[in-house]
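From first to last, the protein sequence lines stand for chains X and E. Read in my numbering, the first sequence has 187 at position 187, and its numbers run on one by one without any break. Read in my numbering, the second sequence has 1358 at position 358, and its numbers run on one by one without any break.
To be clear, the hints were calculated from the coordinates, so they are not data collected in a lab. Keep in mind that this is a model prediction, so the values were computed, not measured. Just to be clear, a hint being listed does not mean it is correct.
To be verified - Output of the computed footprint for chain E on chain X, the stretches with three or more beta carbons under 8 Å from beta carbons of chain E:
1) 229–241
2) 303–312
Stated by the list, open to error - Now the stretches of chain X that chain E is said to cover, found in silico as 3 or more residues with beta-carbon under 8 Å:
3) 396–405
4) 442–449
5) 484–498
Quick reminder that beta carbons are idealized off the backbone N, C-alpha and C, glycines included.
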Amino acid sequence: MNNEYDVIIIGGGITGAGTARDCALRGLRVLLVERGDIADGATGRNHGLLHSGARYAVKDGESARECIAENRILRRIAPHCVEDTQGLFITLPEDEEAGYGLDYQQRFIQACRDAGISAEAMDPREAVRLEPSVNPRLIGAVKVPDGSVDPFKLCAANILDARLHGADILTYAEVQSLILEGSAVRGIRVRKRRSGETAEYRARVTVNAAGIWGQAIVRMAGAQISMFPAKGALLVFAHRVNHVVINRCRKSADGDILVPGDTVTVIGTTSTKIPFEDCDDLNVTPDEVALLLREGSQLCPTLASTRILRAYAGVRPLVAADNDPSGRNISRGIVCLDHATRDGIESFVTITGGKLMTYRLMAQMATDAVCDKLGVSEPCTTHTALLPPTVDNAFTAGTPDGELVCECENVTMGQIRSAIRNFDIHSLADLRRRTRVGMGTCQGTYCVRKAAAALAEAQGSPADARPLAEEYLGERWKGMMPVGWGDTLREMEFMQRVFKAGAPSTFK
Amino acid sequence: MQKRNISPNNFEQCVKCAICTDFCPVLKVLPSYPGPKHGGPDGERLRLKNALFFDSNLKYCLNCKRCEVACPSGVRIADIIHSARDRYGEDRPSLRDWMLANTDTMGTLASPFAPVVNGALGLGVTKSVLDGVMKIDHRRTFPKYAGRKFTTWFRREAEAAQAGYKKQVSYFHGCYVNYNYPQLGKDFVRVMNALGYGVRLLDKEKCCGVAMMSGGMFDAARRNAAVNLASVGAAASEGRLTLTTSSTCTLTMREEYPGVLGIDNEAVRDDIVLAVRFIFEAVERGEVQLAFKEGFRARAAYHVPCHMEKLGWSLFTRALMERIPGMELVPLESICCGIAGTYGFKKENYERSQRIGQPLFDNIAQVRPDFVVCECETCKWQIEMSTGVEVRNPISVLAEALDLEATAALNHQ
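Generate the whole structure from the sequences, applying the supplied hints.
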């Protein structure tokens, strides 16, 4: 790793990963720095919904058009990260009373079509046939091309492809300050969190893609941006309850999207403004759990009696419009700031706002801005260039690599080893984001020892398996606490009993 | 916060303790078998994500249900595996599977020609053909077909007298009693008559369906279930319980009809009872009296069939057998004998079947009993073939140990 780059990207979420990939594909020398693991912020804390754009069609046609365009692109470039589940927007009798009846449904369908989103009204009985778990009281349904997307895989695939095209990826390195020379940003000073060392990296352009934490990065450059952290809480149900995404056909509200993703179903989300100091330690409150359950049961009544695995929350990086720093006029759209024109700070770009769905477009906009500054005229190819697989999958049963580690999620020793080879893995949570190890019903109770032993051995310090396991179980425990009743409570008691000796601090 | 948190998806109650894995007899001899945890609750969750997660090795499940007995969370593991085979399995049943599964049809075809069929099934050349063509293992001893079916005997010899009893029960005899071993049915009728009960056949009786389920013919099993439940219901409406002598038929009708076939049997479930339990409880309540023969002496070993373990009723058999003066009953370690109905007849399962049962065979050899007591007909075939020790149903033991005339006198006052 040298210390001179064309571009440094701050942030290893989906936006940073996508930007690193786009820059690398256009031939730039790229460094991406991330203070933790890739995809451990907002990127990994959402529904995993492959929006069709229908949700935005009535209110924000531009977002809707962006979504459907990106939806089609992602299906093409990342088929291994996307599942074509289709989506339903349902109308319930109470929606009609609230003014979102079948008249609104017609408006909704028209708005979808105007945005280029196929939207097909369905007879309620036909909708029940398509998705048997849907609330049978529905009076109308519209089918749209929603899907689900695995944000961990998508982010990792972008990181891998960036690296395949020469990018350097530095995780667990926190930016402490920007190297400022005159009115220009010339690089970054980081502290490597594992070793405690500090280092300087210089680049001709620096991109701030740090999500909600990007406000602090802008401040380091001596400028201001008004961001408003909005917490969104979600619940994970223990198995796939629905096979089609279910939304409410009304004005967007809390808890009105139910997404089948991998082995589970996720309901979300809420939206609560929180102070910046809470962004690094989010807790889901009993009120949020109650609200999500209540709304979720409206979409799909069996949720009222379905085991909940855990609760989690992410932070949306909402940005106030520049002419309105009070935040009353908040944008959920993409914000790409060239600080040279905005603040007179050279060689510094902030890309923020937006959503998982539009990460590629955001990356393209940021990369265009970078190329513009560097005088590079390579065109963007990320809308056609396929993303690579992230972890090798095929391992033969009966071989050491075919041994199952996580039986809930069917994760093999080969996948674990492949993830450790391909990525900078320091904890079982890092390994989870690459392989799904410990994301299943028992939340790691069954597999944590095997996984911790494999990781500790790969790190050359087999004695460290125990702390790795304890740290992981502590993290799992935190997500189980807000939904700790019924079978999940039994699971927690079992976990606690099995790991009593040297239990994680949260257990004591 | 959730009003009910008991999900109808029973697999969610699994906490992944893996105790079931330790009790699976298949896993002990076939390491590539996914096992009850991974094939059951884990697998169900994965199959809901994608049907491709169905593992065809699940056909090696014995349905012994020892996983369910072991499970501290009440997960119906074997039902989940069985249902998955129904829903996702693509193996078409072969002619062999069809013949093994359709016990009624085969019994009806074979009974009139019993001497010929029995002789032929014992011949080396027949066994080679069955083995080579049908993949029914040549080392397996076939149960003999009876020349006269139980129902024929009953109608001609016993039925007329039954109306003379004030108390009445119905009898679900099952395929084995009807086609292979009418003596057990005769023993049952003699014992019940001595206890003061008249015995009636059901309006219509079909094979309980267990062999069909084992062979993957779930719809055929559903048709049989409908017939049997209607007959049991008709008997119940006239005040008759339906008694059985086979633990497997009993478990199938009580537990598998709802659990695997998805048929609601709630209304008649408790009207289906094993005769040993019925008799034990009647004795306990003082409703019937037993008079035993003088000088009965036997040293018997008790093998708990898997389905008896699942019913949780083996204590009734033990308690009843222990009431017999002169009976020394040695309980065997409760493990699967390996045959699992028609499973052990299939050539691909024979070796595994024998390896699963070996510890039981060793245990019996060590105990050296006069005979083995057991409520299951297929355990009987397996144990008799593998150890040479005779196996008797507890009802037959009772018929032999009771002084039937004295008993009848006690119960007819």
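Each hint, compared with the structure:
1. 229–241: This one holds; 3 residues, not fewer than the three required, reach chain E with a Cβ under 8 Å.
2. 303–312: Contact hint for the stretch 303–312 of chain X vs chain E: holds, 5 residues under 8 Å.
3. 396–405: holds (count 3)
4. 442–449: holds (count 3)
5. 484–498: holds (count 6)
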